[in-house]
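Undergrad: Going down the list, the sequences are from chains A and B.
For what it's worth, my numbering labels the leading residue of the first sequence as 1, then goes sequentially.
For what it's worth, my numbering labels the leading residue of the second sequence as 1, then goes sequentially.
Be careful, since some hints might not be right.
[To be verified] Below 16 Å or equal to it, Euclidean Cα-Cα: the simulated EDC-like pairs (lysine to aspartate or glutamate) are:
#1 Lys87(A) with Glu39(B)
#2 Lys143(B) with Glu39(B)
#3 Lys87(B) with Glu107(B)
#4 Lys16(B) with Glu26(A)
#5 Lys87(A) with Glu117(B)
#6 Lys43(A) with Asp33(A)
#7 Lys67(A) with Glu107(B)
#8 Lys86(A) with Glu40(B)
#9 Lys87(A) with Glu26(A)
#10 Lys27(A) with Glu107(B)
#11 Lys142(B) with Asp76(B)
#12 Lys83(A) with Glu107(B)
#13 Lys86(A) with Glu39(B)
#14 Lys96(B) with Asp76(B)
#15 Lys142(B) with Asp35(B)
#16 Lys87(A) with Glu40(B)
#17 Lys83(A) with Asp76(B)
#18 Lys142(B) with Glu61(B)
#19 Lys30(A) with Asp121(B)
[Said to hold, decoys possible] Not close to chain B: a few residues of chain A, all C-beta gaps over 12 Å, as computed:
#20 Gln2
#21 Val3
#22 Lys7
#23 Arg29
#24 Glu35
#25 His39
#26 Thr52
#27 Phe53
#28 Ser57
#29 Gly60
#30 Ile62
#31 Gly73
#32 Thr79
#33 Ile100
[Unchecked claim] DEER-style ranges, computed between Cβ atoms:
#34 Ile38(A) with Leu99(B): 27 to 37 Å
#35 Lys138(B) with Thr17(A): 27 to 37 Å
#36 Val3(A) with Thr25(B): 40 to 50 Å
#37 Tyr5(A) with Glu12(B): 36 to 46 Å
#38 Asn103(A) with Glu12(B): 39 to 49 Å
#39 Arg31(A) with Glu61(B): 44 to 54 Å
Derived by calculation from the structure, the hints in this document are not laboratory data.
Source: prediction; values computed, not measured.
Just so it is clear, CB atoms sit at the ideal spot from N, CA and C, and this is done for glycine as well.
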Amino acid sequence: MQVQYIKKNKMLIFKLTEEIDHHTSEKIRKRADYEIEIHIPKKVVFDLENVTFMDSSGIGMIIGRYKLVSLFGGTFVITNVNKIVKKTLEMSGILKIIQIEDNCCIGGNNIEECV
Amino acid sequence: MKNVYKNEMKLEFLSKSCNENFARTTVAAFATQLDPTIEEIADIKTAISEAVTNSIIHGYENTEGTIYIYCKLTDDYIEIQIVDNGKGIENIEEAKKPLFSSKPMLERAGMGFTIMENFMDSMEIESSVGKGTKVTLKKVIKKDAPIKA
Ligand SMILES: Nc1ncnc2c1ncn2[C@@H]1O[C@H](COP(=O)(O)OP(=O)(O)OP(=O)(O)O)[C@@H](O)[C@H]1O
Ligand SMILES: [Mg+2]
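With the rest of the complex left out, here is chain B:
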């Protein structure tokens, strides 16, 4: 069977806050192959930053762990999975609610999932307590109508 994906990329890095910039910048650079607008790039960067920050703060609770990012491109969308082997989410529905944060004392706004959901075209969360969390994000990069010669 033919693979629908045109290109793929994997990243693996330690859960250090200085890697947040590295992760979002790298994914954004990979996404440029789809010729996105500046706004689309900003949306992707923000969503990746949210997911990676969550793995660092909530998944690994600032201890050392590994974060994995899997990126795939088709002709018109990018799919990104952000995976950690951290503590997992007990109640995903509650976690997704705007303003919900299990760490409000750390000045968390509780807006990460809301931003991911709104800035991307789809968001899926899989998580199991004690095992880890996988967030799958997808963004369609709108192509201009092809110009016929």
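Bound conformation, chain A alone:
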């Protein structure tokens, strides 16, 4: 997992990798909460481009981060959702509360230009 914080717009980006299950969710949760609590970002992005697998443990972990960010008054979005991950997201119903925002941070270089 890669973490990027853009001071200018107080945006925290987590580029998740590989498989999100019960085992890996625990690690992602710890790291994400640590970063969120020190930066208190206005916006948190979970970039799922390199995620090849996700089950309900991933859903629970994402809902938990959404709640934490909301508690601090920030917005939480997910981006770059592929077909396989999307199926699990849709089934779980979390897309009713969590927004998929595409093109919010394409590539490392354009990141500064994002709002």
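Got chain A sorted already, so can you dock chain B with the ligands onto it with the hints?
TA: Only chain B with the ligands this time, still in chain A's reference frame:
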């Protein structure tokens, strides 16, 4: 009597979360004999992951136990049983409901059984309190119509 199953496989492993990946990947590799699509493989992996995670978190409540997986193939479907000797489920109907979780404080979404039911063609749960749980999943792998020469 002729056995309808073409092939069979058994797995036995400790209820450690690092084995979740091992279990779903192994079952998916076994299922490739039926020539499934990428989506069908993803469905099987997700369902196995749900069942194994349940045995670890709920069945054994993160203590050490053994999880058993029995896999069988016919010409057109795969049947998988995930078995634990953990604490069992008191009310199966309630457990199957979407969003129901007995451990919401652990950030569980309560979607495991809903995902298994929807991603597979059938799901059966047998459980007895204090003895354990057996989940039987079946997925039909659709074959293209045979091409006649
Ligand atoms: N192997 C098991 N042994 C004991 N109880 C189980 C087992 N599997 C499921 N349960 C019970 O059934 C409930 C529902 O399971 P389900 O997988 O749908 O949700 P969850 O595991 O709580 O949340 P999620 O799967 O979304 O992380 C669990 O909360 C638990 O009480
Ligand atoms: Mg579950």
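Undergrad: So, for every hint listed, does it hold in this structure?
TA: Going through the hints against the structure:
no.	hint	verdict
1	Lys87(A) with Glu39(B)	holds (10 Å)
2	Lys143(B) with Glu39(B)	holds (14 Å)
3	Lys87(B) with Glu107(B)	violated (20 Å)
4	Lys16(B) with Glu26(A)	holds (13 Å)
5	Lys87(A) with Glu117(B)	holds (14 Å)
6	Lys43(A) with Asp33(A)	holds (14 Å)
7	Lys67(A) with Glu107(B)	holds (11 Å)
8	Lys86(A) with Glu40(B)	holds (14 Å)
9	Lys87(A) with Glu26(A)	violated (22 Å)
10	Lys27(A) with Glu107(B)	holds (14 Å)
11	Lys142(B) with Asp76(B)	holds (7 Å)
12	Lys83(A) with Glu107(B)	violated (24 Å)
13	Lys86(A) with Glu39(B)	holds (12 Å)
14	Lys96(B) with Asp76(B)	violated (27 Å)
15	Lys142(B) with Asp35(B)	holds (9 Å)
16	Lys87(A) with Glu40(B)	holds (12 Å)
17	Lys83(A) with Asp76(B)	violated (25 Å)
18	Lys142(B) with Glu61(B)	violated (37 Å)
19	Lys30(A) with Asp121(B)	violated (36 Å)
20	Gln2	holds (21 Å)
21	Val3	holds (20 Å)
22	Lys7	holds (29 Å)
23	Arg29	violated (8 Å)
24	Glu35	holds (17 Å)
25	His39	holds (21 Å)
26	Thr52	violated (9 Å)
27	Phe53	violated (6 Å)
28	Ser57	violated (6 Å)
29	Gly60	violated (4 Å)
30	Ile62	violated (9 Å)
31	Gly73	holds (21 Å)
32	Thr79	holds (20 Å)
33	Ile100	holds (17 Å)
34	Ile38(A) with Leu99(B): 27 to 37 Å	holds (32 Å)
35	Lys138(B) with Thr17(A): 27 to 37 Å	holds (32 Å)
36	Val3(A) with Thr25(B): 40 to 50 Å	violated (27 Å)
37	Tyr5(A) with Glu12(B): 36 to 46 Å	holds (45 Å)
38	Asn103(A) with Glu12(B): 39 to 49 Å	holds (47 Å)
39	Arg31(A) with Glu61(B): 44 to 54 Å	violated (25 Å)
The structure does not agree with the numbered hints 3, 9, 12, 14, 17, 18, 19, 23, 26, 27, 28, 29, 30, 36, 39 stated previously, though it agrees with the rest.
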